[in-house]
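One line per chain: the protein sequences are V and R, in this order.
For the first sequence, UniProt numbering begins at 1 and goes up steadily by one.
For the second sequence, UniProt numbering begins at 1 and goes up steadily by one.
Source of the hints: derived by calculation from the structure; they are not laboratory data.
Ideal Cβ placement from N, Cα and C applies to all residues, glycine included.
Mixed in with the good hints, there may be bad ones.
[Unchecked claim] Chain R side only, calculated, beta carbon under 7 Å to chain V, not exhaustive:
| id | residue |
| --- | --- |
| 1 | Leu-15 |
| 2 | Ala-74 |
| 3 | Phe-90 |
| 4 | Thr-105 |
[As the list claims (entries may be wrong)] Just so you have them, the derived chain R footprint on chain V, three or more residues with Cβ under 8 Å:
| id | segment |
| --- | --- |
| 5 | 236–244 |
| 6 | 264–278 |
| 7 | 283–294 |
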Amino acid sequence: MSLAPAPDTRRGSRPGPRPDARAPARGGRPSRAALALPALAAAAVGLALAELVYGPVHLSLARIWAVAQGQGDAAAEAILMRIRLPRLGLGIAAGAALALSGAALQGILRNPLADPGLIGVTGGAAAAAVTMIVLGGGVIAALPGFLVPWALPLAAFAGAAAVTAFVFAAARRGGATSVATLILAGVAVNAIAFAVIGALSFVSDDQQLRELTFWNLGGLGGAAPGPIGVAAAAAAAAGVGLMRLARGLDLMQLGERAAFHAGLDVERAKFAAAAWSALAVGAVTAAAGPIGFVGLVGPHLARLLVGPGHARLLPASALCGVALVLAADLAVRTAVPPAEPPIGLATSLIGGPFFLWLLLRRLRREGPDA
Amino acid sequence: MLEARDLTIRRRGRLALDAVTLALAPGEVLAVCGPNGAGKSTLWSALAGDLAPDAGACLIDGDPVRALPAAELARRRAALEQAPSLSSGFTARELAGLGLISRRTPPAEAAARVARALAAAGLAGMEDRQASELSGGERARAHFARALVQVESGREAPGAVPGGRYLLLDEPTAALDLARQAQAMRLARRAAAEGTGVLAVLHDLNLAAAFADRIALLGAGRLVICAAPEAALESARLSALYGAPIRVERAASGRPVVIPDLARA
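Extracted from the complex, chain R is given alone in its bound form:
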């Protein structure tokens, strides 16, 4: 499990997270949603190991996240930052290859893994393009491929705790068009089907409703609810949380569909 236990974090004198407790299990997709400033990215950063808790704890398979060496942590979880950057002339292939964290991977397997991840991200045929020459969306997907390579490389890591168990995504769909957003989330679902726990910070509640097993709603640093989409996404709760009228309907699949009532807002 990747857990936050009574996680409390202060940033710039403000309580960014206030005693948040939630757990991500291997094999599930958990979406973290909420209005701007609710603490989504702070939660993501704390679980990724960037931020030390002021109170409470972040545990990965029972170990405090900040107590593990960076290399060991990288075997257990991959993280894809919001707006990832690259300041060198790497090709898409070289960029995705930065996710190869195990030195034991044979070169042929490493190359095949990178090629698979790039193909899964829809970049087949663009492997040797320089990342800076790709469009914003293509570049975002190349970084996504890097995270997928890291997850797969972590899985083969030796040791008592099987690695590659968690994938943390901070607004992975921000630079993507509608179809690519769904594609990215399908990749996250596929990783989950292979046993990886995926935590995705998402702005789009409909994307969360369509692809997440559970949705954690944050408001002003507190956990409002963490439940299946049908239970979490309620009209009254969302309207109060976002401070705007929001309707919730059902799609044919039974999944909730969130519709902001813009005219009344």
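If we strip away everything but chain V, and leave its shape as in the complex, we get:
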């Protein structure tokens, strides 16, 4: 494993040859980046509308608009308010939270393969949430009523935080992580999480098993309003918290020592990035189940569009994540109606090959020790 900090930028998160990077002063990144954010936002809004329109019952935009005006028909209102809006809200929260935490972890670990799913953060959240579902009955019963919706998110956050702390401790040496260490740590954590979830489903009763299976497949449709609200709030808070960290994440690309020399409180920045990521991933996983690869693919697309500066990269990643999750949700809902395959299936179908391609490209370029 390579223990030394990255010798130069080649180890970094360069998504590939960028023709505009060689262009002289004007043109190139700034104008392209300035266009990219509104374009991404428009794409996300379009997908959000599609999410409201399409489904087993087709709702025209006119009917949706009527409901928004308070003059809609009862059927359309029920479908929108009880099914599609909560689903859309969770989709936005999940996409933004996963992509933001991916971008933040990649920045702070100086490693573009740090995806919350790959390195086990999502798995830790899932294992802890399943533990709460199966063994936490007593705990939940003892909680005061207003805390009950928080039990699952809190458990998932604890699981995510524990894994994040472990990965930081295991994979970081001298201000950088090696790809191999990071992925092996993720493999190990995911194997443990898988075993915990398997063992718990073995001892769970019928009702728990149904809840657990439904949840574990991952999906935007099954969550109650409480967890959705918590996920949305956590995603928004993480967005604000991480945006304040944007310059710190830029400085971290110099390595820890140089970041300190340039005025960054490195330990605080690392803690903040890890804590916001764990919070967002935990809350979203508690509501939607494990959704893989959004934290890997979202930031990569964003980097291609707006470059590596985190002030633009973070919002662009969030928008890419939202677009990815909504597109995946639309795909699974319209593929074989009225059946609804888990959304994680769609994100993994895109993300798995993408990850493999990234990994092979890096290994070929930099050798197995990179």
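With the hints as your guide, set chain R onto chain V.
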């Protein structure tokens, strides 16, 4: 003043620095030289705030370096690491812009400052090249520009102690050719002329003799001498310090020129 007072640091059970005392004043260039393992980089790291002293102290304008928050320290001193790295696809302009430590700098002034520093480092016209596509020397100069931007940004910082007073360079010429080495040192001299105290760890004694006001010679963790080049660079002292025969002659300017006697070594 940026001072080391009886600075003692142990690393891996070895005494890396043994009661070293020296001071850097705003406006001067101080070169730190000595053989491998003499403690040059340890001294640099301690003054930059990376290492805590085991005994003695590092003071910046009277305050212990390690007691200041990172942001305040960055306003008072910029540091350019040996072999600086970058693990992201920033352009030269974005890389140099990482030295913009004050949020109060208006965007137009910030952009002008970065452009000036890049031009001073000889990178005019390469601002939008990705740092990873630059040559090793060009990349080193882009990092140098980052340090210059930080010094200038520190100067405008408010507060009782004027900021941007010190620039710490750890072998800033290692990746540079002969002409670029002199250019880098001229940039250091210019910063000094504007009131910044520059401390540069240098291997090349001739570069130190040509550009430094004073030279601190370290040997085995101890300060051998800290004096003007004419006084510090003596044939007998250098030969003993490096364990090899070294002659010292005078250039036409009066500055000493160091010549290792390779044939006899």
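Cross-check of the supplied hints:
About 23 Å separates the beta-carbon of R/Leu-15 from the nearest beta-carbon of chain V, more than 7 Å, and the hint is not met. A hinted interface residue such as R/Ala-74 counts as satisfied when its beta carbon comes closer than 7 Å to some beta carbon of chain V; here the least separation is about 3 Å, so the hint holds. At a threshold of 7 Å, the smallest CB-CB gap from R/Phe-90 to chain V is about 6 Å, leaving the interface hint in force. Nearest Cβ of chain V to the Cβ of R/Thr-105: about 13 Å, over the 7 Å cut. The hint is violated.
Taking a C-beta to C-beta cut-off of 8 Å, the segment 236–244 of chain V contributes 0 residues in contact with chain R, too few for the three needed, and the coverage statement is violated. Coverage of a stretch by a chain is defined here by at least three residues with a beta carbon nearer than 8 Å to that chain's beta carbons; for the segment 264–278 of chain V and chain R the count is 3, and the condition holds. Check result for the segment 283–294 of chain V against chain R: violated, 0 residues qualifying (beta carbon to beta carbon below 8 Å, three or more required).
Hints 1, 4, 5, 7 from the earlier list are contradicted by this structure; the remaining hints agree with it.
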